[in-house]
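*Asks:* The primary structure of each chain is shown beneath.
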Amino acid sequence: MSQQPYYVPESSKLPFAMAVSLLLFIIGASNTVIDAGTESNSYLILLLSFAMIWVTMYFWFKQTIQENHAGLNNPMLKDSYVYGMAWFIFSEVMFFFAFFFALAYIRNFAVPWLGGEGEKGLANMLWPGFEASWPLMITPDQAVFAGPEKDMSLATAYNSGGLGGVLGWLPLWNTVFLLTSSLTVHIAHLALKEGNRRKFNIWLGMTLILGYLFVFVQGLEYYEAYAHYGLTLNTGIYGTTFFMLTGFHGFHVCLGAIILTIMLFRSLKGHFTADDHFGFEAGSWYWHFVDVVWVCLVAFVYVM
Amino acid sequence: MSTVVETHDHGHHGPAKGLSRWLFTTNHKDIGTLYLWFSFIMLFIGGSMAMVIRAELFQPGLQIVQPEFFNQMTTNHGLIMVFGVIMPAFVGLANWMLPIQIGAPDMALPRLNNLSFWLLPMAFGILISTLFMPEGGPNFGWTFYAPLSTTYAPSTVNFFIFSVHVMGVSSILGSINIITTIFNMRAPGMTLMKMPLFVWSWLITAYLLIAVMPVLAGVVTMMLMDINFGTSFFNAAGGGDPVLFQHVFWFFGHPEVYIMILPAFGIVSHIIETFSRKPIFGYSSMVYAMASIAILSFVVWAHHMFTVGMPLAGELFFMYSTMLIAIPTGVKVFNWVATMFRGSITFETPMLFSIAFVALFTIGGFSGLMLAIVPADFQYHDTYFVVAHFHYVLVPGALFGIIAGAYYWLPKWTGNMYDETLGKLHFWLTFISVNVTFFPMHFVGLAGMPRRYPDYALQFADFNALISVGAFMFGLTQLLFLFIVIKTIRSGKQATPEVWEGAGDLGLEWTLSSPPPYHSFTVQPQVK
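Heads up: the protein sequence lines correspond to chains A and B, in order. Numbering of the first sequence is given in the numbering used here, commencing with residue 1 and proceeding in unit increments. Numbering of the second sequence is given in the numbering used here, commencing with residue 1 and proceeding in unit increments.
Isolated chain B (complex conformation):
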């Protein structure tokens, strides 16, 4: 057996010591760990902002913060959760699992991989620091619509713009690395249609990222020029159009929505087949469904802006194309259910989160279908119904996918089993609080409560108090998750290589020891 060691004198004996291991590493597992911890820390920062929001909204009237600061909280909560939590967590999982799942020695471009990670703390450090500047941080919503983000923005918007540029560079470089790894580094015999679904989901996600992150860079560049150099992209006085901002932003934004859910589809597929002890039902239709969702995501963007004043033909086109997405998504939901059907199911923590994912993500999907209907959307637009919708797909959707994946692979990463009792406690507290938080938002939204306001009419008071209680319960419960993760890293029952009963046949990751060696597959395995 030849190994990497022979070609290089310094030798690959293991990780370097101390801080330099983390600053200068080129190892996919180290970088994956960095991504996951970064995302975890950002979850608590973005989460505390949500707590500020919910504390203010506990009662009608202004009690705790001023509207100006409230706006900064909603804006940064959104930006941090999207770009600082969900995306880095998925990239962290990809870094850890892709090379192992396809039988590769590491990511294709390891130094680039390190750069992709370290750009994120830089960008978010700057973004968060704007909150402490005299003018305050971004306050125009995470969608930063012009002219609120151009003509009427605080000057710190410039820090925001350049931070977004750097986040974009990070995502693009990371995605180039992932696509290259998947196309180039698969073990002999692993054809595309034999790839694990998590790998497939990331191949499609990375494609979407490379396609739309430059568009985001473009739109913030237009903002930069409008603010500082006198152009008129978003200024009708010069012949431009503020609505142009929304079109370009959502051309990025809608594929971005799927970037935040597709990898969760992959994770959940693995978990459901493992704990149902059946191979996934309809593997190829799962792949085609994800590809269809990705392609359709490029032609539905204007459903985010039905009320902005588009020609009727445009409204109809975007309504029907949006509804079309329900078909491949439905295929996936039915496939997950069919996988569980007549399986020998056990309900370990990752499985609980995955079943909750299927049920609650479907609720988010249905409310999305309601929002796609143009005349109905005129009523729902910018109300808490929209907030309920996208939190249902992002929290019990994307975040549950991540948490499920973490529980599923933690024994593989650390070599220790997590505490199943605590894991189940974490699940049930999370499951209850997430619904207490987000389900009543549907009702207040349909009754007309607008989003992004620090105050509301009195008739919404009861529901909002309930929502706030749920939100604090949800936030505190995640401290339990932190405790469980740390406890698992430090101690726990020794995990076997296959970890889960019968998982040995389900993927290459379960053929390695737990924890896997620092360099996973120095010689590529043969896949039958």
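In isolation and in its complexed conformation, chain A is listed as follows:
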């Protein structure tokens, strides 16, 4: 096998197109946030950049898939894609780490110190009378950041409705959906390895249904928060950490679901064989990764 040379692609216009797309992204995104609230068309540049990113990615992936189908990829090159995906997921892990780190620091140091506890409790003189608690319902300066009326934690759900409250607690159902979907995507993978295409499509389809259900319920939860809980992005540090952590996770679930949807279409088109399907496998790794992040979210954002 090592006789087949490593395929080094010809020069390609795609990376440069992607770089130009991201240049437009910087210009569009920056101007959009700067011009927010005024009449301005800068969001059109942002939308254009998104379109260009998608189109470039489409052609880029199409080309790599065609190269693989043409037999250009030797085993070593296939390993390169495996390494690449694994390290990409590691970078995503570290992105979430930054936000979990922020949450841990806020809960264990910043808020208690503001409340006068601990070695740096001197900070309490900024807002005398402020009391530390978590979830933080009353912020140090209520005039600037009015705290939420109700939080999303398991304890609150239980206290307000007992067992019924827990059953109506949306994150519980989302946990069920996402954990099950991790299992179904694994079954789909096993089916693909057996070469059972029909079974693969069915289980992958179920994974997708569960994934989109998760996104829907997450949307429902956000609606509840904004409409009935008084919990928004602007309600101090609880709302900030809650929405940023669950929001970035939800965004990654969407990405994972889009990836797996594309994999389903590819399978229906006849792509993938029992021993050559890394496109799908990479997608399933990503899916398991968002699942693990969710478990951490449930533990640190919702329960503890």
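These are computed hints drawn from the structure, not numbers from a lab. All C-beta atoms, glycine included, are put in the ideal place defined by N, C-alpha and C. Certain hints may be false.
Computed footprint of chain A on chain B; a stretch qualifies when at least three of its residues, placed anywhere within it, have a C-beta under 8 Å from a C-beta of chain A [said to hold, decoys possible]:
(1) 104 to 110
(2) 138 to 145
(3) 166 to 180
(4) 204 to 214
(5) 230 to 243
(6) 247 to 253
(7) 298 to 312
Label-pair distances were calculated between CB atoms; the ranges are [said to hold, decoys possible]:
(8) Pro517/B - Asn201/A: 40 to 50 Å
(9) Val144/A - Met133/B: 22 to 32 Å
(10) Ile202/A - Pro134/B: 56 to 66 Å
(11) Gln63/B - Tyr226/A: 48 to 58 Å
(12) Asp505/B - Leu183/A: 49 to 59 Å
(13) Phe69/B - Thr180/A: 52 to 62 Å
Cross-link-like lysine to any residue pairs, in silico, SDA-like; alpha carbons within 25 Å at most [to be verified]:
(14) Lys120/A - Thr307/B
(15) Lys78/A - Pro188/B
(16) Lys528/B - Arg277/B
(17) Lys78/A - Thr522/B
(18) Lys13/A - Gly189/B
(19) Lys78/A - Gln526/B
(20) Lys78/A - Leu112/B
(21) Lys120/A - Ala313/B
(22) Lys120/A - Phe378/B
(23) Lys17/B - Trp60/A
(24) Lys120/A - Met310/B
(25) Lys13/A - Pro15/B
(26) Lys17/B - Glu10/A
(27) Lys78/A - Ile262/A
(28) Lys78/A - Phe317/B
(29) Lys13/A - Phe88/A
(30) Lys528/B - Leu77/A
(31) Lys17/B - Leu14/A
(32) Lys120/A - Lys17/B
(33) Lys120/A - Pro242/B
(34) Lys120/A - Leu148/B
(35) Lys62/A - Thr26/B
(36) Lys13/A - Tyr518/B
Mind docking chain B on chain A? Use the hints.
*Replies:* For chain B alone, coordinates are given in the frame of chain A:
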């Protein structure tokens, strides 16, 4: 012998013609060249900003620029030198040398490699353009502490934030490519512990980059949300904490410091063994030392913020963990010295820069040890002593490593020997001016001159005049370097494949012709 040509009709006959060669290339050497030239251009842009700073500080009082513009100069000088000069130069060297040193045909993911490069001119183009916007560019220091960079920032901070995102994407993709190349593409027989030290240094650096660049993306995202969407990460009124910014930033920032020095360790190790005509002393301890430095870099970040008000236990922990880093670093310095000990040393330009690296980097290391001591740091914090410290590790450290590497490998890249006389002249002018510039900063810093101000008390005037003279001398000397590089590309004595006497045994790069063929190892060599 099978070659890549057989499998592909278009053929790999050589580079494409004209501009499209550079825009669309997937060749690791072309991309390495792009990175190196980009970094060189940015060196002069960031350098001119330093010249503005030094011109203003030549005398006390305000003469040339307003404080607002002075702040933009210090900020952008730092950002450009860190993200636009040192890092891209190392990535350029990695692109050129890694595939050759491990016997690979190219980088593992060549198209991704092109993207990693071209994102940089985009991001820096935008960043520099903010200087010409009505509100001016980033003015909050290269560490962009909140709330200076959030509540009190000009609206152009948003351009800065998205540019940093794109720089981060570039670094992450580049590092994924490098790690994949090193793990997957080594020639048969090249076990991990037979890899050249430059390859090792980059494996560890790339790991650090993938680990911390997303954290930087996270912290600028928090800024973006605080500025535009009403969150309160860094606003105590909502229960957040501006100090949180510093923690997250330095969790990125400290490993970043080692990202900027580890590849130089690798380069200098090669050069010292070549010109001492002895294999490197303590190869495995060199590897373990770099790995230890990398691991420790994750648990020392708060030594950048001792004065911010941490619990005593935190100060002690970060003080001791920081001091611990002196041990693996000391191992490396002693190994370099032991390599030279009883070697048949000759002093070609790369060797001169490398010896200067060992001596001057050690000075930077010692002042770092002084800064690690909490009670002493309370005195030194945010003074010119800190400026002296990190310029000693970054200029005669990282930058000397890069320049040494450039001289060492230029004959390999171009096929021509550089002008040794001019190279030595470049070295001595650089060596003298770098010390004239940065050494007196220790004194004014210890005497209490704060950093990042456009003016200073009168008693610092003499030293500052001296520093400015040194800085201009240093800046002008680098034009000589530019001249030498261009001269070498255009003409010069034909270089042999091994270039340096006896280098043929030291690595695969010296077994290829000078310059190497467009595609280096289409068939992987066997390593014994």
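*Asks:* Taking the hints in turn, state whether each one holds.
*Replies:* Now the hints, each set against the structure:
no. : hint                            : in the structure
1   : 104 to 110                      : holds (count 6)
2   : 138 to 145                      : violated (count 0)
3   : 166 to 180                      : holds (count 8)
4   : 204 to 214                      : holds (count 5)
5   : 230 to 243                      : holds (count 12)
6   : 247 to 253                      : holds (count 3)
7   : 298 to 312                      : holds (count 4)
8   : Pro517/B - Asn201/A: 40 to 50 Å : holds, 48 Å
9   : Val144/A - Met133/B: 22 to 32 Å : holds, 29 Å
10  : Ile202/A - Pro134/B: 56 to 66 Å : holds, 59 Å
11  : Gln63/B - Tyr226/A: 48 to 58 Å  : holds, 55 Å
12  : Asp505/B - Leu183/A: 49 to 59 Å : holds, 55 Å
13  : Phe69/B - Thr180/A: 52 to 62 Å  : holds, 59 Å
14  : Lys120/A - Thr307/B             : holds, 13 Å
15  : Lys78/A - Pro188/B              : holds, 17 Å
16  : Lys528/B - Arg277/B             : holds, 20 Å
17  : Lys78/A - Thr522/B              : holds, 18 Å
18  : Lys13/A - Gly189/B              : violated, 36 Å
19  : Lys78/A - Gln526/B              : holds, 22 Å
20  : Lys78/A - Leu112/B              : holds, 15 Å
21  : Lys120/A - Ala313/B             : holds, 12 Å
22  : Lys120/A - Phe378/B             : holds, 18 Å
23  : Lys17/B - Trp60/A               : holds, 23 Å
24  : Lys120/A - Met310/B             : holds, 7 Å
25  : Lys13/A - Pro15/B               : holds, 15 Å
26  : Lys17/B - Glu10/A               : holds, 14 Å
27  : Lys78/A - Ile262/A              : holds, 20 Å
28  : Lys78/A - Phe317/B              : violated, 44 Å
29  : Lys13/A - Phe88/A               : holds, 23 Å
30  : Lys528/B - Leu77/A              : holds, 24 Å
31  : Lys17/B - Leu14/A               : holds, 18 Å
32  : Lys120/A - Lys17/B              : violated, 65 Å
33  : Lys120/A - Pro242/B             : holds, 14 Å
34  : Lys120/A - Leu148/B             : holds, 23 Å
35  : Lys62/A - Thr26/B               : holds, 18 Å
36  : Lys13/A - Tyr518/B              : holds, 20 Å
Violated hints for the displayed structure, listed by number in ascending order: 2, 18, 28, 32.
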